[in-house]
Structures are given as structure tokens and as C-alpha cells.
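Trainee: Protein chains in written order, with numbering that gives the first Met the number 0: chain A, 0 to 212; chain B, 0 to 212.
Source of the hints: derived by calculation from the structure; they are not laboratory data.
Built from N, CA and C at the ideal position, the CB exists for glycine as well.
Do not take every clue at face value.
Claimed, not checked - Covered, in the sense of this in silico footprint (three residues per stretch, anywhere, with C-beta under 8 Å from a C-beta of chain B), are these stretches of chain A:
no.	segment
1	129-140
2	167-174
Claimed, not checked - Stretch by stretch, here's where chain B covers chain A in the computed footprint (C-beta under 8 Å, at least three residues):
no.	segment
3	115-126
4	152-164
5	193-205
Number of protein chains: 2
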Amino acid sequence: MSAEDAATSPGTVRPGGRTARTRAVVRDAVLTGLAEHGYPGLTVEYVAELSGVHKTTLYRRWGNVEGLVTDALDLAGEDTWTPPDTGTLDGDLRALAREVNDTFGDTSAAVVPTAFIAAAFQSERTAGALHSFYTERFARCEAVVERAVERGEAPPGTDAAAVVRAVSAPLFFRAVITREPLGEELADQTSGAVTAAVRAGAYLPAAPGESAG
Amino acid sequence: MSAEDAATSPGTVRPGGRTARTRAVVRDAVLTGLAEHGYPGLTVEYVAELSGVHKTTLYRRWGNVEGLVTDALDLAGEDTWTPPDTGTLDGDLRALAREVNDTFGDTSAAVVPTAFIAAAFQSERTAGALHSFYTERFARCEAVVERAVERGEAPPGTDAAAVVRAVSAPLFFRAVITREPLGEELADQTSGAVTAAVRAGAYLPAAPGESAG
């Protein structure tokens, strides 16, 4: 198996085995490196020194810095995180928005995810891994909308993918694009607005021709 | 006056004069360079060659690549763009969302603004200029909400700054963070959701204690 295969096929990693432990140690070193130097300053040598894993092993299994960063993202996506389940749509969306605020509104918590977002501008492969990470993460979040439909809080047919993105987007937008302050009030306002739009049926499919209005 | 002053004080530029023409020519070269090489690949030498402005002049007036990029952003902010005025809140917000979609949903139109966003991760000064650009741009957009309040389409006290950001954020988010496709349908869904939330009063200030719910 080539280094490329090993880095991109999580199925080849035996959970709990030596391979998985090495992968986690290397991942930790990559995250520390991203936090301290950003993607442009990250080197295989740095990861080798910090992780204690030999440079030749890193090159063989991950290929290069891109491989190391994308595998760290892949590993982040293998966690057991589930979206909040507070019993109401309003509560779930508020909890989701507050999670984003807790991360991106906190300078030290924001460092690593921001470094991944920055790295994606410089590496197509990292951009692909970031896309996969968020796609899968938001797919988990859709349970929030499905439960709301079952409870009669949201109209059947509500676009769950759009709803969960709309709750996060204004916070990400301020944190990494317009670079404005976040805060719990903003998180609550954002989730409140999306909840109101869901109730009003604004996330139902547009009737034919309606969008031309 | 130092090069730093010249680069950061637009008031010193005589509109239509030789200084203004040089600034525009240099700006064009910076935008071409960002589009072709991105921020990491942009050099003062490249801008000199493409603009025909001597390297020593560039160093004297703009200092370095950071100075060139931030001045290009400052100049972009000096345009006469005004937000759409269609006569309805729904129409104005839809037109705003479609403008974002026209830019970030089009690969070639997206290159330069995306390069500015990417550069802001590598340069504090560019991040500051990007912040100023968007702050001022969204301040112009607030007229859309003010007119809606005057027409009775939005409750008085509606948070105009939040509304105009909520209309753009899901499109920016997909374009530069989750890297998902945009489209006119998505733009219309986004603006429709924000319009519904405005009508429901979701952008009014929270009552004391309400956000703790």
C-alpha cells in the first residue's frame, strides 16, 4: 500500500491498535503545529519532532504536510459528536449556534478550526477534506430538524440541510470573513431568526416559478 | 510623508489626478496578481512589471505587498455601489442575495474576493482592511431595512446590521468554508428565510432574560 492509500483510507486503521495510537499522536502534533505556525509554517520535520514519530514513517504513511493535515481533519470527523437534543426546535438550534459561538468566539478555541479553513485556501486536498468534514457534520445536525418535523414544530418537507447551515453561517461569517465580534446574544438572535423562518415555512421547496418573483 | 501614510490615507489622493491614475493602475495589477498567483505568490516585482510603475515608487508609496493589497481593498471600498431598491423588503433582500451568488457562485468572478479573504488569514493588516471594507459595505445595505421599516414591512427596531449579514452569510459560508455549490435557488431561499424572520420580529432586541430561555 502506498503512503497515499494509508493516509486516505481510515478503514485500514485498526481502532485502538498501535496504528491508531500513532495516528492520534501525529494528529495532536499537526494540530499543535497548525495552532502555533499555521499551515504555511507547518513542516513534516516539526511534526516528527513533536510527535516522536520518525520522519521516514511520516513520509511513508502521510506523504507530505497536505496528507498530514487532511488526515487530521478526517480523524476529527470520526468522533462521536451528536447534535443537541433539548426537546424543542428552538432549544436545539440555539444550542447549535452557541456551540459555534463557543468555538469561534473564543480566541484560543478558534485557532485550530480557523487554521483548517485557512489551509483550505492553499491546498485543494485540504479543501476537499474540509468539505467532507462539514458535509458529514451537518448531515448529523439534520436530526434536529427531523425531530422537529415529527413533533409538529416544523412543516414536513423543511430543508434540513439549509436550516442547520443558516444557524451556523452568520457566526462563521463574522469570525473568519468580516472579522467582527461574536457573542451569545448574536448566537441566540441567529437561531431565533432561523426558528421563526422554519415556522413560517420559508425552508419549504419553492413553488414552481415562485423564485422568479 | 512616509510610504505608510501614502498607502493608508486615501484623502491624500487627488481624484482624477496623476496620483489617482497611478493608484488605479497599481490596483489593477494587484488584482490580476491575486487572481493569478494568490497572496502567497504576489510580489512587488510582479506588480511593477504589470503596472509599468517603477519598483522604487511602489516601495516608497505602498511599503510592501501587504500595503499594496490593503490599498486595493481600500480603493474597492471607495466605489459608488448602492444596495438594490426594488420597492419591497423581499425584493431588496433577494437582489442582495443574488448579487452575492453572482459573485461567489461564479468561479472567475469569485477569484479576487476569495483571494482577499484568503490573504486576511496571512496578514493582520489585510484582515483589518477586509473588516473595514465589509463593515462599510454592510452599513450601506442597512438602507434596505430602514426603507422597509418606513414602509411598515419591518417592525421598528429591527436589527438592520444583523439582517443584511444574515442574507449574505449562508452564501459566503458555502463558497469559502464548506465549499458547496451556490445557485439562484439557494439565494432566494436565503433571502426568503430572512424576510420571514424579519416579519416575525426575530431581529428585534431580545427582551431581558429572554435569551436564557
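Trainee: Provide an ascending list of the numbers of those earlier hints which the structure does not satisfy.
Mentor: none
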